[in-house]
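Engineer: From first to last, the protein sequence lines stand for chains X and P.
Numbering-wise, this note's numbering puts 744 at position 258 of the first sequence, and it's gapless, one number per residue.
Numbering-wise, this note's numbering puts 318 at position 194 of the second sequence, and it's gapless, one number per residue.
Derived by calculation from the structure, the hints in this document are not laboratory data.
Heads up, a few of these hints could be off.
Derived SDA-like pairs (lysine to any residue); straight-line CA-CA distance at most 25 Å [to be verified]:
no.	chain 1	residue 1	chain 2	residue 2
1	P	Lys502	X	Gln708
2	X	Lys535	X	Val615
3	P	Lys412	X	Val615
4	X	Lys784	P	Lys412
Note that the structure is predicted; figures quoted are calculated from it, not measured.
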Amino acid sequence: MAKPKVAFYWCASCGGCEETVIDLNEDILKVADAVDIVFWPVALDFKRKDIEALKDGEIAVSFINGSVRLEEQEEMVKLLRQKSGLVVAFGACAHLGGIPGLGNFWNRDAIFNRVYKEIPTVENPEGTVPQEKTKVDGGELTLPEFYDTVKTLDQTTDVDYYLPGCPPPPDLIMKAVDAILKGELPEKGAVLAPNKALCDTCPRAESKPDKLSIDEVKRPWQIKLDPEKCFLDQGVICLGPATRTGCGETCIRANQPCRGCFGPVDGVVDQGAKALSMVASILGLEGEENMTEEEVKKLIDGIADPAGTVYRFSLASSLLRRRRME
Amino acid sequence: MKKITIDPITRLEGHGKIEIFLNDEGNCDRACLQIPELRGFEKFSEGRAAEEMPRITTMICGVCPTAHHMAATKALDDLWKVEPTTAAKKIRELMYNAFQAEDHILHFFFLGGPDFVVGPQAPAGERNILGVIAKAGMETGGKVIEMRKRMRNVLRIIGGKPVMPTCGLPGGVSKQISEDERKTIIEAGEYGVDFCKFALSLFDDIVLKNKEYVDLITGDVYSHRTYYMGLVDENNKVNFYDGQIRVVDPNGKEFAKFKVQNYLDHIREHVEPWTYVKFSYLKNVGWKGFVDGEESGVFRVAPLARLNASDGMATPLAQEAYDKMYETLGGKPVHSTLVFHWARLVEALYASERVLELAKDPEITSDDIVNLPTETPKEGIGVVEAPRGTLIHHYQTDDQGILTGVNLIVATQNNSAAINMSVEKAAKALIKKGEVPDGILNMIEMAFRAYDPCHACATHSLPGMMPLEVSVYDSGGSLVKKLVRD
């Protein structure tokens with residue numbers, strides 16, 4: 487029997503999703519044995535025309551990481567969709583927009599002005615910024631257009647499954663590959679990780695009180711972080727209640743609160759809104775009725791950068807998507 | 125006018141392509157390595173809480189997240205004017221050296237080293253990790269994987285996860301190391317020291333005993349007389365985690381030595397319209413274009429630059445390896461770009477020795493891991509030596525610690541002018557009267573891979589597997605020759 491064909495592709499990303507594949511260590515050989523990799527730009531020399539030559543649906547599955555920011559990425563993603571039975575959004579950027587999605591708080595001009603003109607080390611009296619076309623001694627150099635807005639994979643093309651995380655942990659990758667090889671797949675659109683909140687598997691779950699109440703928000707540098715106590719119970723904003731588990735609680739185990747890279751559990755459309763309502767519901771829960779308006783405001787102001795915190799990984803996939811363009 | 129394009133074609137527009145322009149005689153006039161990528165971290169970090177930067181800037185690069193994590197964490201120390209506890213400094217330095225060791229080994233065996241181990245003239249399809257295993261033995265392949273696994277486990281122990289660590293806080297770290305974990309780290313350090321000694325002996329056997337390779341290393345094609353920059357400790361020894369930035373001139377004489385807080389007095393960035401990457405240069409020499417020599421502010425960073433900018437290594441075995449390297453090559457400074465590979469192994473040995481030293485220090489398991497900030501934040505600057513060179517994070521905030529200005533001087537941009545020059549020099553040496561030899565693919569690839577630049581798939585793909593396409597156009601724009609690396 488012919489081995490199933492598999493493709494890997496990356497859009498706007500950092501290479502961390504590739505590193506996590508290398509972190510499969512010996513398991514990567516098992517995967518390489520079981521499948522026929524037809525496209526993997528980072529490691530193997532196959533070209534776009536090789537993909538174009540395939541029949542529609544001939545690739546069993548394409549794993550695509552990174553958010554989408556360039557026209558050419560969009561074209562490639564659509565081509566892979568046409569040629570693939572399954573498309574898996576691999577990692578937080580493809581799934582939610584990820585950290586690059588924070589760029590949606592700004593636009594192209596704001597980013598260019600900062601990076602190429604305002605920065606104190608830049609010596610640029612003529613105000614040069616990168617151009618899509620530049621004449622050089624009679625020749626011409628071209629650059630791809632930099633878009634104003636970062637998009638998730640499913641805002642670009644149809645996605646079958648999501649492998650969450652920044653980056654996805656090796657055990658979930660192996661489980662997903664196994665499920666695909668055995669054809670034991672869940673319903674289309676599923677996130678290939680447990681449908682539970684991080685709090686449900688948190689090693690500190692037992693220290694989380696039944697009724698949480700924060701009377702003063704603490705930033706992680708303002709207290710000595712207790713290595714065993716629920717972060718919210720310490721007054722530190724943790725996205726655990728609004729985030730799916732499956733990560734192995736790696737940040738919690740390093741004594742840092744969750745920042746939400748796995749996205750929400752099933753049925754939650756907007757992770758940030760969910761996180762915000764969670765925080766609002768526990769702020770000053772005890773004694774709320776006795777607080778003055780000023781005290782309430784002070785309590786809320788204790789949350790540093792609320793938008794950038796609750797939407798840390800999911801701004802591009804949120805209902806807001808981006809700051810309104812002026 | 126002819127135009128030659130070398131494009132890692134399967135990466136499409138994603139990350140890096142080389143354009144070569146020929147003059148009317150058919151010789152190379154100019155070469156440009158273009159980086160068609162930008163994400164804008166400097167802008168979208170504005171408005172964020174400063175303490176989140178170690179957990180945001182890690183996503184600049186998933187290959188070297190620990191470097192950004194640590195530069196950001198140190199910028200936070202400076203922002204809040206808080207001195208980390210001595211245990212915290214040691215934990216950070218330990219983690220950082222484990223990262224340097226595994227990253228350098230990854231590069232040497234998977235990315236750059238195959239050029240030497242398998243041979244610069246070997247067929248492209250063999251110049252990869254599989255070729256290394258074929259030549260050096262299966263056992264070597266197993267050791268490489270084991271080395272990486274153990275060092276990345278150290279990163280997991282301290283930072284939570286190797287890709288995107290999370291432990292840095294202003295004034296310290298979030299997690300204490302347990303006694304059991306310490307034992308594991310000691311074993312990793314011992315393995316690392318043995319492995320790096322082995323790697324250097326392999327380099328000795330396969331590269332240094334082969335005259336052809338030595339000629340290639342020391343030849344003029346890959347040489348640039350530039351300034352060099354690196355962090356040094358109080359004895360001017362190489363240090364990845366902390367110290368002062370030292371710059372030496374092309375003769376090896378100290379040109380500047382400064383605290384990172386004064387970096388604005390020394391470093392500037394030049395902008396070109398044809399690439400998204402900026403070009404760092406020495407402010408007090410000035411930007412003179414893509415040229416080397418004492419009159420040009422172009423400087424280099426990363427392994428060889430650090431060794432050139434220092435007076436030696438702070439650990440005994442690495443010092444021996446350092447001495448041997450300079451003795452063999454006829455003294456300091458060394459200008460040959462390909463020697464970056466050798467320097468990388470010397471540094472990996474130092475990093476492993478340092479992991480072991482720190483893990484054996486009883487204070488490493490102390491519970492005194494953080495000093496809480498008490499000052500009002502305003503401005504903070506942090507520096508580390510990333511595997512690929514000096515890395516600076518500079519933050520300005522309001523009095524609540526919300527970011528209002530961010531500047532990042534990233535390692536690869538410090539080398540970006542020199543990388544362009546190296547590519548151009550290789551092209552000039554190889555292209556004569558319109559003749560474009562097939563070997564240009566290898567030679568150009570080797571020129572920029574020595575720097576291990578972190579901006580391109582081109583350089584994080586497996587060598588020999590990197591697809592390259594060279595197209596030669598005549599003055600009318602018609603294709604006259606096409607070379608494809610398969």
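Engineer: Confirm or reject each hint.
Structural biologist: Hint check:
no., hint, result
1, P:Lys502 - X:Gln708, "16 Å, holds"
2, X:Lys535 - X:Val615, "33 Å, violated"
3, P:Lys412 - X:Val615, "19 Å, holds"
4, X:Lys784 - P:Lys412, "54 Å, violated"
Hints 2, 4, counting from the list given before, are not met by this structure.
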